[in-house]
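Chains as they are written, first to last, in numbering that gives the first Met the number 0: chain A, 0 to 398; chain B, 0 to 333; chain C, 0 to 333.
Derived by calculation from the structure, the hints in this document are not laboratory data.
Cβ atoms here follow ideal geometry from the backbone N, Cα and C, with glycine treated the same way.
Heads up, a few of these hints could be off.
[To be verified] Derived coverage of chain C by chain A (criterion: at least 3 residues anywhere in the stretch with Cβ under 8 Å from a Cβ of chain A; other residues may be distant):
no.: 1; segment: 16-28
no.: 2; segment: 134-147
no.: 3; segment: 238-244
no.: 4; segment: 288-300
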Amino acid sequence: MQITRPALASAAVAALLLTLGCTTDDLQEPETTDQAADTAEGDWFVQADYQEQIAQRDIEPEGDPAAPWLQAIEPEWVDTEEFARDGGDATVCFSNASVSNPWRVTGWITMQQQVEVLQESGAIGEFRHSDAADDDDQQISDIQAFVDSGECDALIISPSTTATLTPAVQAACDSGVPVIVFDRGVNTDCAVTFIHPIGGYAFGADAAEFLVDNLEPGATVLALRILPGVDVLEHRWAAAQEVFADSELEILGDEFTGGDAAEIKNIVTQYLQRGDVDGIWMDAGDGAVAAVEAFEDAGEPYPVMTGEDELSFMRKWEETGMTALAPVYSNFQWRTPVLAATMILDGEQVPAEWVLPQEPITEADLDEYLERNADMPSLHYAKFGGEDLPGFPDAWRDR
Amino acid sequence: MSARRLDTTALIYLALAGIVALGGVAVAVRGGNLFSTANLVDMLTRTSLTGFLAIGMTLVILCRSLDLSVGYTAALSSLVAATTMDGDPDRIVLGAAAALLIAGLIGAANGAIVAFLGVNPFIATLGVGLIIKGYLDTEYQGPAGLVPTAFQQFGYTRIAFVPVSTIVMLVLAAAGIWFLRSTRTGHHMYAVGGDSDIARMSGVRTERVLMCAHILCGVLAGVAGLLLAARFGTGSAESYTNLYELDAIAAVVLGGTLLLGGRGGVAGTVAGVAILAVLDTVFNVMQVNPFAKDVLRGAIIIAAVAVYARRQLSRTARRPRFADAGTAAETGRS
Amino acid sequence: MSRLRTAASALSGGTGPVIALLALVFAAIAVANPGFFEGPSLMAFLKQAAPLVILAAGQYFVIVSGNFDLSVGALVGAQVVIAARLIDGEESRTLPVLGVMLLFGLAVGLANGLITTALKVQSFITTLGMMLVLYGAIRLWTGGAPTGGLSEAFRGPGRRGIDGLPLIGQLPWALLAMIGLGAAAVWLMRTRFGRILVATGDNDLAAERSGARIDTVRTAAFVLSGLSATIAGVLIGGYAGVSAQVGEGMEFTVITAVVLGGVVLGGGRGSVVAAMAGALAIEALFALFNQLALPSTLRPSVQGLIIIAAVAYAAKRSARRPVPAIATTTTDPS
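Chain A with its partners taken away, still in its complex shape:
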């Protein structure tokens, strides 16, 4: 881990020579060692967080069950009187990480519909947003631009990556504007409230426990993941590994698919050629149907499977009658931040960490959620929580 000073100093000199070599037309290749090789980090599993989330699944949230986006699990209420302002028509700014996947697209529509309601009631005047297209650096600029403009009464941030956005969020807090963070967090608690469903560990554990309960000991499971390095997704897999480690299931492998249906189908097909696959664990539902079809096309019996509350998967689940679970990363959380902003600007108390309920959809609720979302497109999320908004159902159906 420690790199000796002489080595580094010579490295610095070599770097200089490497560059200077250019202007002198006399280039020499210096020898060096690869210094990054031994700094392996990225152990995503934090035991305390894991246990907290596992416990939170069984805690009854406070608030009205009909409006889960306003419920909170074990809230610690904080005063916000310092941010109270009179007269409504507040300018609320929103720095979005991206709308690059259907989950975020669905949530973004829900948020805009909620904003319209609040604009009509006069609580929000102008709603400004920027979209960073998943680029951390871009989002830092976006946040800075909002802060520098000095025109935001409240700033909502959905960070694209936890660690990298921390300095920018801290700077936003320091400017005195009330900051609301939701979805992925940041490594600072300077925000007035941090809104999120229980979390990735709970998601991954829900799915893994379902497989353990519904498969025989010794059964084989294939894990399909979107991509490496994203904390919310890594937590899901870390929790699953924790659960699988205590079980007698055999994990065949974990594969990155990019969420691309064709890639998923290739991978599952190839695993099926090599042997039986009894269960599929997914860290997100994108492309789940393609995985099911791979079994159909190979003439294999359906696996026990966990996807997500994405409708294409739930419809396939109902159609095939397979044994499945739809873990949920509550999409209705997109309503909460704008509501929280108006509460804060009214000086009402909000939870410092606003933990929203996150309950998987089981066989028992399947029909109910399919019924409720009958008109919705297939890449829509069942627990989007916008049924009572005036734009329903057109805003989501005809997006």
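Since the structure of chain A is already known, use the hints to place chains B and C on it.
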């Protein structure tokens, strides 16, 4: 040669001025002010990251090469810097040096594969990028390391409304302009990009020039990585997903440098970078739908290059032309 | 005319290394899992490989004539999304929508071709811009994520085949399409059009002097690429259904495949069969990684090493000078 280059460069700065003016009007119509301090800061901040990458990219493109690995190089050097510094202000210089060294070595690897192994730069640098990606995915499953506050200033401090990172970018751009105009290697880059056989016959050691361009491009990607680390407060492997390399190439071409090599320069590239930054800020201030942004960006890049191409065409049509691209394949000279 | 003949003879050569690579990868798979070559699983492999192979044939036309088509990944994605939205689950709409997709694919190819040839925009930039435009426009149209659904009839070509055959079980329609289109591509390259295409990429000025309409054939190459992306889109959409990410990154995979096949970026050399074999080799490589249970984070690194090594080996074999990175319609050295 220099008079003509000035010509093209002047045209590009004219285009930049036009886009700034149009953007200013468009924002004003919507009741905003594009030239408020906040928006100026925003525009300038957006120039620095792409700027570093695009300056390096200009050098390799001038040599008729390409570097598709810069996004990966930047991501890796942000991690090397952040993990080496590890929160200790005394290690800032060492961390930065280590990052730049690694980045320079990657550039050297690219250059060697292109120059000595004869692999097409598109494939060579795509392949090197994939190698780095595999290393990053395996070794770092997310952000790692800690950048001391003192170094974070590189990403956050500004003098009046000009961010320090932009000043550094402009200084490096000035150095790049000087390098291309006043050094032997700089001149040789134009020669190699123009026709490497003729360059070789007139005594230019083309492999060495190519190596040099790639190393400098790598080092500049390293500087971009340092900026990322400063702004993130940590190193981030994931930043390779943003396709910074395509942004950089677009900026270089917008700046009037021919992808064919041999013509162009860093001054134009800076204008190209600025055009993209102004567009981003205007789109943001005007709340343009993120998908419409992509459409507009794509269309503007094509349209701008079409305008330059037309001018270059009308100029070159008057002079006799020599074939170059294909003839070498048949004569088999080496 | 002798030049044309030289170019035509190039059609037959250069397939050696890629066939060797393919054999090597297949041998490795056979060692890892002999069951892979049993009828049904081999058919499954060819079914999923078919879209990339067809895409490679389309890309070959563009590359051999001296250009790039970076827009094919976005076009494949756009076609699948268009199909889902317009068909919206109604069986009866399948054929009309296929017609619309065909027209759309040809139109995108034509636009790429005309911008590149008539407006003299370098194809790298034309198709990069087109990629951005398609990516954004298709999401603007569907509100960010695909809507609607595909019909069973649409799914057929990509997913199903002739069932109940001895030994192989199912003969996939996709495989038949691949063979048919492959044969058509080979035939096309033996016509006068094919010879002019290669000659244009080899040396456009010479081709022009010998009376070839180089702009026309280059535009036609882009149209063929658009056509191949459309067919690949039909097969991929049929194979796996709609997802938001379909087609992403395919442009780089397919260009890598074509280059692995020994086709030279810059034009003028390589055969269409080798390009398709290159695509098959890439798919086989991915299958091998899977069979070996290679950690998925490491795969990009191994892929990068292999493509660099393969292309370097081919470059050494032909022992020519490094080839230019980028070719455009204008070749103007200074």
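Unsatisfied constraints (hint numbers, rising): Of the numbered hints given earlier, the structure breaks just one, which is hint 1.
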